[in-house]
Amino acid sequence: MVPIWAAKADEEIARTRGSRRRASGIGKVAVRLALQSSGSCRRTDCYSIAAHLIERSMMSLARTLLLPPLLALAGCAALPAPPTAAPPERAGLQQAWVQAVAGPAWAVRALTGDDRCPALRWAGGSVPMRERSAPGEEPPPPGNNQPERKPSRFTLRACEAPWPAGAAQVQVDDVVLNAPAAELRRIVVIGDTGCRLKASEHDFQACNDSIGWPFPRVLAQALQLKPDLIVHVGDYHYRESPCPIGLPGCADSPWGYGDDAWQADFFQPAKSLLAAVPWVFARGNHEACNRAGQGWLRYLDAEPGPTRACEPEAAGAGRVNAGDFTTPFTVPLSPRSQLIVFDSSQIGGGPVPKDSPAWARWRQQLDRVAELAADQAQSLFVNHHPSLAYTPSLLGGAGRTRSGLTPLLQDATPGRLYPPGVQATLHGHLHIHEVLGFATNQPAVLVIGNGGSAASGRLSAAAALQGEPLPGVKVETFHSHTEFGLSLLSATPQGWHLTAFDALGQPLSRCTLAGQKLSC
1 MVPIWAAKAD EEIARTRGSR RRASGIGKVA VRLALQSSGS CRRTDCYSIA
51 AHLIERSMMS LARTLLLPPL LALAGCAALP APPTAAPPER AGLQQAWVQA
101 VAGPAWAVRA LTGDDRCPAL RWAGGSVPMR ERSAPGEEPP PPGNNQPERK
151 PSRFTLRACE APWPAGAAQV QVDDVVLNAP AAELRRIVVI GDTGCRLKAS
201 EHDFQACNDS IGWPFPRVLA QALQLKPDLI VHVGDYHYRE SPCPIGLPGC
251 ADSPWGYGDD AWQADFFQPA KSLLAAVPWV FARGNHEACN RAGQGWLRYL
301 DAEPGPTRAC EPEAAGAGRV NAGDFTTPFT VPLSPRSQLI VFDSSQIGGG
351 PVPKDSPAWA RWRQQLDRVA ELAADQAQSL FVNHHPSLAY TPSLLGGAGR
401 TRSGLTPLLQ DATPGRLYPP GVQATLHGHL HIHEVLGFAT NQPAVLVIGN
451 GGSAASGRLS AAAALQGEPL PGVKVETFHS HTEFGLSLLS ATPQGWHLTA
501 FDALGQPLSR CTLAGQKLSC
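With our numbering, letter number 175 in the sequence shown gets 175, and the count goes up by one each step, no holes.
Certain hints may be false.
[Claimed, not checked] Calculated lysine-lysine pairs in the DSS-like style (CA-CA distance at most 30 angstroms, straight line):
| hint | residue 1 | residue 2 |
| --- | --- | --- |
| 1 | Lys226 | Lys517 |
| 2 | Lys198 | Lys226 |
| 3 | Lys226 | Lys354 |
| 4 | Lys150 | Lys226 |
| 5 | Lys354 | Lys271 |
| 6 | Lys198 | Lys150 |
| 7 | Lys271 | Lys226 |
What the hints contain is simulated information worked out from the structure, not anything from laboratory work. Values in this document were obtained by computation on a predicted structure and should not be read as measured data.
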């Protein structure tokens, strides 16, 4: 017998589908005409863009209006209770990879379900990998506001070894890893890749669907490009809440902050690419200590040695949680160029009080960035939160991006925001691809946050070129698109070529960076 709540839910869904079809048809025409008249898209593209935007807005409205009453009909106060059964433990090596760490240096990392770390072997040598963190359970992250919370359970052992000097290749169990190239000239950049399950916003992405969550397809395209290096600009973990009953798109997804959610959101889909290419990991706000910081520090933190820990108390405005800070570090790309990687995970969108310990600590780190930038002719600054970019919206309006890092940058380097050696900055956070070049003296900005997490709107080129991301900052080159995908940086004598691809490998835009000047 069909329960009464299920029958009512079916009736409501059928009724909603009909109204969605009628509203969608009218809405697509209206949005298409608005996009066309604003110059936000080509005529042939406007209908598909309008369909995408209307579908997302209607789904968002449906989540907000329909999900709570349907769950109430089902006898649920809010969302399903956390599962009582623990996920099955994995045995043996799960993943192995090479990543840049502070030094600068390269390290081999591995995750295993065994009771000891594996050996690292190469021609002429072998060493046991050191344990970074043992399996264990940690309390729910402090300061987290999701309605369903549970302890973070880590079943895997994290292991590490420095890359052996002179080795061209190493092996961890049956995984073969190649040494980073002497010059890293082809760099794939991805960001904001996890599958969003967030009860506090009634936002549940279709993690089981390669269209709804295209990160695995993005990874496949990255592998096809045969890069020398992968740079991830942050936000790996998004599965914070349980999937509601009756949503097949995310049914049975792991959730929370333990390693089952980390495996589903990042490590399992990225397994082949992790083994194929060295990585640079920047930290996003989703990896701050009030969210997935516990797993970040165990697995991807650039500090070598035993895992650092998040402090048990939540960080507030101006307060310092030591686990939320990482000393800036460099990644040499060539004799003349480097990456400077900066941890902005906990910076947030609001201002940091100038008399606070947090301001003093971040300000000190920006002084360190200036020292690092002086060491090379060309530096690319990598952090999650952009300061000189636009926030997307439904119809393409270009709003100024809010970042607590901006006042710190203005204090450290007035006017330019970044030290003179920085020719461009790489970011994520905004779920879109946008690049900006400036008529004023600022480095070019590359925002590559379209790696798989649900998109958040679009940007009109006309609005962007007429606006100012900060007062007095003049934009002269702008391009953006909403398609999921990745970007490839290819080195040139003057700087870089930037090619953006969609999740099927089709090129969407091409730009050239010479010094800090961008042309597209």
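We went through each hint and held it up to the structure:
For the suggested pair Lys226 and Lys517, the alpha carbons sit about 27 angstroms apart, so the restraint of at most 30 angstroms is met. As the CA atoms of Lys198 and Lys226 are separated by approximately 34 angstroms, the hinted pair breaks the 30 angstroms bound. Restraint check: the Cα-Cα separation between Lys226 and Lys354 comes to about 45 angstroms, which exceeds 30 angstroms; the hinted pair is violated. Distance check on the hinted pair: Lys150 and Lys226 sit about 40 angstroms apart at the alpha-carbon level, beyond 30 angstroms; violated.
Under the criterion of a C-alpha separation no larger than 30 angstroms, the hint pairing Lys354 with Lys271 is inconsistent with the structure, at around 43 angstroms. As the CA atoms of Lys198 and Lys150 are separated by approximately 14 angstroms, the hinted pair is consistent with the 30 angstroms bound. As the CA atoms of Lys271 and Lys226 are separated by approximately 15 angstroms, the hinted pair is consistent with the 30 angstroms bound.
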